[in-house]
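Produce the entire structure from the sequences given, and follow the hints as far as they go.
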Amino acid sequence: MSEADLTDRGLSRIDGMAGARRHFRYFDYVMVAFVVILLLSNLIGAAKQAEVNFPVFGPITFGAGVLFFPVSYIIGDVLTEVYGYANARRCIWVGFFALLFMVLMSVVVVNIPANAEWALASSTYIVEGKQVTAPNQAAYYSIFGQTPRIVFASVCAFWAGEFVNSFVLARMKVWTQGKHLWTRTIGSTIFGEGVDSALFYPLAFLGVAGFTPHSIVLLALTQWAIKTGWEVVLTPVTYVVVGWLKKREGVDVFDNNVDFSPFAKARKANAATTE
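Residue 71 in numbering that gives the first Met the number 0 is what sits at position 72 of the sequence shown, and the numbering runs on without skipping anything.
None of the hints are false.
Restraint-style ranges between C-beta atoms, simulated for each label pair:
1. V55 - V236: 22 to 28 Å
2. A120 - F53: 35 to 41 Å
3. A137 - E50: 20 to 26 Å
4. G209 - F56: 20 to 26 Å
5. V239 - K129: 41 to 47 Å
6. N110 - F259: 36 to 42 Å
7. V51 - V231: 16 to 22 Å
8. L119 - P235: 47 to 53 Å
What the hints contain is simulated information worked out from the structure, not anything from laboratory work. Quick caveat: nothing in here was measured; it's all calculated off a predicted structure. From the three backbone atoms N, C-alpha and C, an ideal C-beta is built for every residue, glycine too.
Here it is, written out as C-alpha coordinates:
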(Lines of atoms letter the chains of each structure in order from A and count residues from 1; the text may use other names and numbers.)
(Lines give C-alpha, C1' and ligand atoms only; values in the text may rest on other atoms or scores of the structure.)
Protein backbone atom coordinates (compact mmCIF):
# COMPACT_ATOMS: atom_id res chain seq x y z
CA MET A 1 0.00 0.00 0.00
CA SER A 2 1.46 3.37 -1.00
CA GLU A 3 1.86 6.38 1.30
CA ALA A 4 -0.80 8.15 -0.78
CA ASP A 5 -3.27 5.32 -0.14
CA LEU A 6 -2.62 5.53 3.59
CA THR A 7 -3.00 9.30 3.58
CA ASP A 8 -6.34 8.99 1.77
CA ARG A 9 -7.50 6.71 4.57
CA GLY A 10 -6.19 9.08 7.22
CA LEU A 11 -3.53 6.61 8.40
CA SER A 12 0.17 7.10 9.07
CA ARG A 13 2.51 4.22 8.25
CA ILE A 14 4.84 3.27 11.13
CA ASP A 15 7.22 0.36 11.62
CA GLY A 16 6.84 -2.40 14.18
CA MET A 17 9.30 -0.95 16.71
CA ALA A 18 7.50 2.39 16.72
CA GLY A 19 4.22 0.51 17.16
CA ALA A 20 5.65 -1.38 20.13
CA ARG A 21 6.46 1.90 21.92
CA ARG A 22 3.21 3.64 20.99
CA HIS A 23 0.18 3.92 23.28
CA PHE A 24 -3.01 2.75 21.55
CA ARG A 25 -6.53 3.62 22.63
CA TYR A 26 -8.13 0.21 22.15
CA PHE A 27 -5.22 -2.23 22.49
CA ASP A 28 -6.02 -3.21 26.08
CA TYR A 29 -9.63 -4.05 25.19
CA VAL A 30 -8.55 -6.31 22.32
CA MET A 31 -6.03 -8.04 24.58
CA VAL A 32 -8.70 -8.69 27.21
CA ALA A 33 -11.01 -10.18 24.56
CA PHE A 34 -8.16 -12.41 23.36
CA VAL A 35 -7.44 -13.77 26.86
CA VAL A 36 -11.11 -14.23 27.77
CA ILE A 37 -11.81 -16.26 24.62
CA LEU A 38 -8.71 -18.37 25.22
CA LEU A 39 -9.66 -19.19 28.81
CA LEU A 40 -13.30 -19.91 28.02
CA SER A 41 -12.43 -22.23 25.14
CA ASN A 42 -10.19 -24.28 27.43
CA LEU A 43 -12.46 -24.14 30.47
CA ILE A 44 -15.95 -24.81 29.12
CA GLY A 45 -15.25 -26.01 25.59
CA ALA A 46 -12.52 -28.62 25.88
CA ALA A 47 -14.40 -30.86 28.32
CA LYS A 48 -17.42 -31.50 26.11
CA GLN A 49 -17.59 -33.73 23.05
CA ALA A 50 -20.41 -32.48 20.84
CA GLU A 51 -22.08 -34.25 17.93
CA VAL A 52 -24.03 -32.67 15.08
CA ASN A 53 -25.82 -34.63 12.36
CA PHE A 54 -25.24 -32.90 9.01
CA PRO A 55 -27.53 -33.74 6.05
CA VAL A 56 -24.72 -34.71 3.68
CA PHE A 57 -21.85 -35.73 5.95
CA GLY A 58 -23.85 -37.45 8.68
CA PRO A 59 -22.97 -37.23 12.39
CA ILE A 60 -19.70 -35.42 13.16
CA THR A 61 -18.17 -35.46 16.63
CA PHE A 62 -15.99 -32.56 17.73
CA GLY A 63 -14.80 -30.77 20.82
CA ALA A 64 -17.23 -28.00 21.71
CA GLY A 65 -14.35 -25.57 22.10
CA VAL A 66 -13.88 -25.61 18.34
CA LEU A 67 -16.93 -23.36 18.10
CA PHE A 68 -15.14 -20.40 19.65
CA PHE A 69 -11.44 -21.25 20.17
CA PRO A 70 -10.72 -20.17 16.54
CA VAL A 71 -12.00 -16.74 17.52
CA SER A 72 -8.77 -16.36 19.52
CA TYR A 73 -6.88 -16.76 16.23
CA ILE A 74 -9.11 -14.18 14.58
CA ILE A 75 -8.43 -11.74 17.43
CA GLY A 76 -4.75 -12.66 17.09
CA ASP A 77 -4.97 -11.66 13.42
CA VAL A 78 -6.53 -8.34 14.42
CA LEU A 79 -3.80 -7.73 17.00
CA THR A 80 -0.98 -8.35 14.53
CA GLU A 81 -2.63 -6.50 11.65
CA VAL A 82 -3.56 -3.41 13.65
CA TYR A 83 -0.93 -3.25 16.40
CA GLY A 84 2.03 -5.17 14.97
CA TYR A 85 3.90 -8.33 15.88
CA ALA A 86 5.57 -6.94 19.02
CA ASN A 87 2.24 -6.10 20.64
CA ALA A 88 0.71 -9.39 19.50
CA ARG A 89 3.68 -11.19 21.08
CA ARG A 90 2.91 -9.49 24.38
CA CYS A 91 -0.71 -10.65 24.19
CA ILE A 92 0.32 -14.23 23.45
CA TRP A 93 2.54 -14.30 26.53
CA VAL A 94 -0.24 -12.79 28.65
CA GLY A 95 -2.61 -15.48 27.37
CA PHE A 96 -0.01 -18.17 27.97
CA PHE A 97 0.50 -17.24 31.64
CA ALA A 98 -3.24 -16.70 32.16
CA LEU A 99 -3.83 -20.22 30.83
CA LEU A 100 -1.20 -21.66 33.19
CA PHE A 101 -2.78 -19.81 36.14
CA MET A 102 -6.23 -21.12 35.21
CA VAL A 103 -4.86 -24.67 35.10
CA LEU A 104 -3.18 -24.24 38.48
CA MET A 105 -6.33 -22.90 40.10
CA SER A 106 -8.42 -25.67 38.54
CA VAL A 107 -6.13 -28.30 40.04
CA VAL A 108 -6.18 -26.65 43.46
CA VAL A 109 -9.94 -26.09 43.63
CA VAL A 110 -10.90 -29.52 42.26
CA ASN A 111 -8.63 -31.30 44.73
CA ILE A 112 -9.57 -29.35 47.86
CA PRO A 113 -11.42 -31.81 50.14
CA ALA A 114 -15.13 -31.39 49.52
CA ASN A 115 -17.86 -31.22 52.11
CA ALA A 116 -19.20 -34.78 52.31
CA GLU A 117 -22.86 -33.78 52.09
CA TRP A 118 -22.23 -31.72 48.98
CA ALA A 119 -19.84 -34.22 47.36
CA LEU A 120 -22.21 -37.16 47.69
CA ALA A 121 -25.37 -35.24 46.88
CA SER A 122 -26.71 -36.14 43.46
CA SER A 123 -27.61 -33.87 40.60
CA THR A 124 -29.71 -34.93 37.65
CA TYR A 125 -28.71 -34.27 34.03
CA ILE A 126 -30.46 -34.93 30.75
CA VAL A 127 -28.36 -36.88 28.22
CA GLU A 128 -29.99 -37.94 24.93
CA GLY A 129 -33.40 -37.48 26.49
CA LYS A 130 -32.59 -39.68 29.50
CA GLN A 131 -32.09 -38.66 33.12
CA VAL A 132 -28.63 -39.39 34.48
CA THR A 133 -27.75 -38.95 38.14
CA ALA A 134 -24.19 -38.28 39.35
CA PRO A 135 -22.69 -37.18 42.67
CA ASN A 136 -21.69 -33.52 42.73
CA GLN A 137 -17.95 -34.08 43.20
CA ALA A 138 -17.78 -36.61 40.35
CA ALA A 139 -19.64 -34.25 38.02
CA TYR A 140 -17.49 -31.32 39.13
CA TYR A 141 -14.27 -33.24 38.54
CA SER A 142 -15.38 -34.47 35.11
CA ILE A 143 -15.83 -30.87 33.96
CA PHE A 144 -13.07 -28.96 35.73
CA GLY A 145 -10.54 -31.70 36.41
CA GLN A 146 -7.35 -31.22 34.41
CA THR A 147 -5.55 -34.17 32.81
CA PRO A 148 -1.84 -33.26 32.97
CA ARG A 149 -1.06 -34.65 29.53
CA ILE A 150 -3.91 -32.79 27.84
CA VAL A 151 -3.01 -29.58 29.67
CA PHE A 152 0.60 -29.90 28.49
CA ALA A 153 -0.55 -30.55 24.91
CA SER A 154 -2.98 -27.62 24.98
CA VAL A 155 -0.43 -25.12 26.31
CA CYS A 156 2.28 -26.20 23.86
CA ALA A 157 -0.11 -26.14 20.89
CA PHE A 158 -1.51 -22.72 21.78
CA TRP A 159 1.92 -21.16 22.27
CA ALA A 160 3.41 -22.49 19.03
CA GLY A 161 0.28 -22.01 16.93
CA GLU A 162 -0.31 -18.41 17.97
CA PHE A 163 3.28 -17.37 17.33
CA VAL A 164 3.27 -19.03 13.90
CA ASN A 165 -0.05 -17.35 13.10
CA SER A 166 1.24 -13.90 14.11
CA PHE A 167 4.59 -14.32 12.34
CA VAL A 168 3.03 -15.43 9.04
CA LEU A 169 0.51 -12.57 9.06
CA ALA A 170 3.15 -9.96 9.86
CA ARG A 171 5.48 -11.16 7.10
CA MET A 172 2.65 -11.45 4.57
CA LYS A 173 1.55 -7.89 5.35
CA VAL A 174 5.00 -6.62 4.36
CA TRP A 175 5.11 -8.83 1.25
CA THR A 176 1.65 -7.69 0.08
CA GLN A 177 2.28 -4.04 1.05
CA GLY A 178 -0.85 -4.11 3.19
CA LYS A 179 -3.15 -5.19 0.36
CA HIS A 180 -5.58 -8.14 0.27
CA LEU A 181 -6.16 -8.57 3.99
CA TRP A 182 -8.07 -11.82 3.44
CA THR A 183 -5.00 -13.57 2.02
CA ARG A 184 -2.99 -13.07 5.19
CA THR A 185 -5.78 -13.67 7.71
CA ILE A 186 -6.70 -16.96 6.05
CA GLY A 187 -3.10 -17.84 5.16
CA SER A 188 -1.82 -17.23 8.68
CA THR A 189 -4.69 -19.27 10.14
CA ILE A 190 -3.92 -22.19 7.83
CA PHE A 191 -0.37 -22.31 9.19
CA GLY A 192 -1.17 -21.39 12.79
CA GLU A 193 -4.11 -23.77 13.23
CA GLY A 194 -2.15 -26.41 11.33
CA VAL A 195 0.69 -26.23 13.85
CA ASP A 196 -1.83 -26.14 16.72
CA SER A 197 -3.65 -29.29 15.56
CA ALA A 198 -0.46 -31.09 14.54
CA LEU A 199 0.95 -30.63 18.05
CA PHE A 200 -2.11 -30.99 20.25
CA TYR A 201 -3.62 -34.28 19.13
CA PRO A 202 -0.44 -36.42 19.04
CA LEU A 203 0.81 -34.92 22.32
CA ALA A 204 -2.57 -35.47 23.99
CA PHE A 205 -3.70 -38.82 22.61
CA LEU A 206 -0.89 -40.78 20.91
CA GLY A 207 -0.65 -44.15 22.64
CA VAL A 208 -3.91 -43.67 24.55
CA ALA A 209 -6.37 -46.57 24.38
CA GLY A 210 -8.98 -45.96 21.69
CA PHE A 211 -6.79 -43.59 19.68
CA THR A 212 -4.92 -45.07 16.74
CA PRO A 213 -2.40 -43.05 14.73
CA HIS A 214 -4.93 -42.99 11.88
CA SER A 215 -7.74 -41.67 14.09
CA ILE A 216 -5.46 -39.01 15.56
CA VAL A 217 -4.45 -37.79 12.10
CA LEU A 218 -8.10 -37.78 10.99
CA LEU A 219 -9.17 -35.90 14.11
CA ALA A 220 -6.40 -33.33 13.70
CA LEU A 221 -7.27 -32.75 10.05
CA THR A 222 -10.98 -32.42 10.85
CA GLN A 223 -10.38 -29.88 13.60
CA TRP A 224 -7.91 -27.97 11.43
CA ALA A 225 -10.46 -27.79 8.60
CA ILE A 226 -13.26 -26.63 10.92
CA LYS A 227 -11.10 -23.96 12.58
CA THR A 228 -9.83 -22.67 9.23
CA GLY A 229 -13.38 -22.68 7.92
CA TRP A 230 -14.41 -20.42 10.79
CA GLU A 231 -11.72 -17.95 9.71
CA VAL A 232 -13.10 -17.93 6.18
CA VAL A 233 -16.68 -17.46 7.35
CA LEU A 234 -15.76 -14.63 9.71
CA THR A 235 -13.49 -12.81 7.24
CA PRO A 236 -16.06 -10.04 6.64
CA VAL A 237 -16.22 -9.46 10.41
CA THR A 238 -12.42 -9.31 10.54
CA TYR A 239 -12.44 -6.64 7.82
CA VAL A 240 -14.95 -4.52 9.75
CA VAL A 241 -13.07 -4.80 13.06
CA VAL A 242 -9.64 -4.13 11.50
CA GLY A 243 -10.94 -1.14 9.54
CA TRP A 244 -12.68 0.30 12.60
CA LEU A 245 -9.63 -0.05 14.84
CA LYS A 246 -7.15 1.30 12.28
CA LYS A 247 -9.32 4.34 11.67
CA ARG A 248 -9.49 5.16 15.36
CA GLU A 249 -5.84 4.42 16.10
CA GLY A 250 -4.80 6.47 13.05
CA VAL A 251 -1.83 4.31 12.05
CA ASP A 252 -0.97 1.24 9.99
CA VAL A 253 1.84 -0.87 11.47
CA PHE A 254 4.28 -2.69 9.16
CA ASP A 255 6.79 -5.05 10.77
CA ASN A 256 9.84 -4.13 8.71
CA ASN A 257 12.13 -3.68 11.70
CA VAL A 258 11.13 -6.24 14.34
CA ASP A 259 12.84 -9.14 16.09
CA PHE A 260 10.43 -12.03 15.53
CA SER A 261 11.81 -14.22 18.32
CA PRO A 262 9.10 -15.02 20.91
CA PHE A 263 11.72 -14.23 23.58
CA ALA A 264 13.01 -10.98 22.07
CA LYS A 265 11.98 -8.64 24.87
CA ALA A 266 13.26 -10.89 27.64
CA ARG A 267 16.49 -11.44 25.76
CA LYS A 268 17.07 -7.68 25.39
CA ALA A 269 16.33 -7.15 29.08
CA ASN A 270 18.87 -9.80 30.06
CA ALA A 271 21.45 -8.28 27.74
CA ALA A 272 20.91 -4.83 29.26
CA THR A 273 21.28 -6.26 32.78
CA THR A 274 24.65 -7.87 32.03
CA GLU A 275 26.13 -4.70 30.53
